[in-house]
Amino acid sequence: MRVAILVFPGSNCDRDMAIAFRNAGARVEMVWHRKTSLPAGTDIVGVPGGFSYGDYLRCGAIAARSPVCCALNVHVERGGYVLGVCNGFQVLTEMGVLPGALLRNAGQRYICRSERLNAVTLESVFTAAYGRDRRVVFPIAHRDGNYFADPEQIKRLQGEDRIAFTYVDNPNGSAGDIAGILSANRRVLGLMPHPERAAEPAHASVDGAALFSGLLSEAAVAKSAA
Amino acid sequence: MPATGVLDPQAEAVLRALGSLGFDGVLGVRQGKVIELDLAESDPRRARDAVESMCIRLLANTVIESYMIEFP
Chain C
1 MRVAILVFPG
11 SNCDRDMAIA
21 FRNAGARVEM
31 VWHRKTSLPA
41 GTDIVGVPGG
51 FSYGDYLRCG
61 AIAARSPVCC
71 ALNVHVERGG
81 YVLGVCNGFQ
91 VLTEMGVLPG
101 ALLRNAGQRY
111 ICRSERLNAV
121 TLESVFTAAY
131 GRDRRVVFPI
141 AHRDGNYFAD
151 PEQIKRLQGE
161 DRIAFTYVDN
171 PNGSAGDIAG
181 ILSANRRVLG
191 LMPHPERAAE
201 PAHASVDGAA
211 LFSGLLSEAA
221 VAKSAA
Chain D
1 MPATGVLDPQ
11 AEAVLRALGS
21 LGFDGVLGVR
31 QGKVIELDLA
41 ESDPRRARDA
51 VESMCIRLLA
61 NTVIESYMIE
71 FP
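Chains as they are written, first to last, in this note's numbering: chain C, 1 to 226; chain D, 1 to 72.
Please keep in mind that the hints were generated in silico from the structure rather than gathered at the bench. Note that CB positions come from ideal geometry on N, CA and C, so glycine has one too. Treat the hints with care, since some could be wrong.
Here are the computed distance ranges between Cβ atoms for each label pair [as the list claims (entries may be wrong)]: (1) C:Arg-113 - D:Pro-44: 48 to 56 Å; (2) C:Gly-54 - D:Leu-18: 27 to 35 Å; (3) C:Ser-224 - D:Ala-40: 48 to 56 Å; (4) C:Ala-202 - D:Ile-69: 37 to 45 Å; (5) C:Trp-32 - D:Ala-47: 33 to 41 Å; (6) C:Gln-153 - D:Gln-31: 21 to 29 Å; (7) C:Val-74 - D:Leu-18: 43 to 51 Å; (8) D:Leu-58 - C:Gly-107: 22 to 30 Å; (9) D:Ala-50 - C:Glu-152: 27 to 35 Å; (10) C:Cys-70 - D:Ala-50: 15 to 23 Å.
Just need the whole structure built from these sequences, with the hints factored in.
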C-alpha cells in the first residue's frame, strides 16, 4: 500500500508516522505542503501532528487551506483512506472533512502523557484490530485537544457509530470523552492521541502498531475487492 | 469571539484573575481576537462582501466562533 504523509512547516510527527507506516509494510512518500497533487497511486494519506504554520490563527486553520489539502480533498472525495493525528485531526476538522473543532484544553495546559482509551467502534479499518478488550494506551501531547461539537452533532456521531476512541480519564474536557472520530464513510480517522508514538518495543506502549497494520491490511483487502 | 455555549477557558482564567484583583461585579468574560484588514477596495458594499467571504472561508471557524465586521 502506498502512503503519502503531508508535511507542513511546523509538522514534527511526520517522520514518526512514516516509521510506523513503514514498519507495518507501507511504501511511504513525504509530500510538502506546496504540492498540488498526491503521488500517483496513493492509497492512504497521513496528516501528522505538530504545529503547522505555528498554530497561527487557529490550530490547523492555515494548513487546511494549503495547496496540498486541495489534493487531500480530492483523495477524500474519491473515498481514499486518511489518518489524521493530533494537529492532523485539527487540520481535518478545519477542512470540514470531520465535524466539530478542537478547543483549548479545559485546564488550559499542554498535556503530555499516556492515556488509556477505549476503542468504541470496531467497524473501521483503523479499529477492527482492537476487538479483544477494546482498551489501548496511546500518549497525548497537546494544548488544543478539547473536542467540541454541538450536542446534536455528538448524538449523530454516536448514532452512526462514528466514535473511534474515547478517553477513559478525560484529560482535556472533550465532549463525550471523544478522542477520535470517523468520517461518514468510515475511511477517515482523526484522533488527538498518537498511535505512532506507541508502536515499537522501545515506546511506553505498542498498542498503536495494530492500528497501522490493521489499516494497511484492511485497506489492501478493500482495494483488491474493488 | 467564541460562539455562545462554547467553553472559553482563557476567559474563565481572566475572570478569576479580575476577581483576585478585587474587581467584583464582573459577571462574565469572553475573549476573542481582532483582525485588522487594510483593503484596496473602496466600495463599502463590495468591501463588506469580500470580508464576509474571508471570515467564512478562513478568518473564523463558525463551528466555534462568531464574528462581527466593523468599518472605521
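Verification of the hints:
A beta carbon spacing of about 52 Å between Arg-113 of chain C and Pro-44 of chain D agrees with the range 48 to 56 Å that was offered as a hint. Taking 27 to 35 Å as the suggested C-beta distance range, the pair Gly-54 of chain C and Leu-18 of chain D conforms, at roughly 29 Å. Taking the beta carbon of each, Ser-224 of chain C and Ala-40 of chain D are about 55 Å apart, inside 48 to 56 Å as hinted. The hinted range of 37 to 45 Å is not satisfied by Ala-202 of chain C and Ile-69 of chain D, whose Cβ atoms lie roughly 52 Å apart.
Under the hint 33 to 41 Å, the C-beta atoms of Trp-32 of chain C and Ala-47 of chain D, about 35 Å apart, fit the expected range. Separated by about 24 Å at the C-beta atoms, Gln-153 of chain C and Gln-31 of chain D satisfy the suggested range of 21 to 29 Å. For the pair Val-74 of chain C and Leu-18 of chain D, the beta carbons lie near 49 Å from each other, so the given range of 43 to 51 Å is met. Leu-58 of chain D and Gly-107 of chain C have their C-beta atoms about 29 Å apart, which keeps the hinted 22 to 30 Å range intact.
Range check, Ala-50 of chain D to Glu-152 of chain C: Cβ separation about 32 Å, and the 27 to 35 Å hint holds. For Cys-70 of chain C and Ala-50 of chain D, the hinted distance range of 15 to 23 Å is satisfied, since their beta carbons lie about 21 Å from each other.
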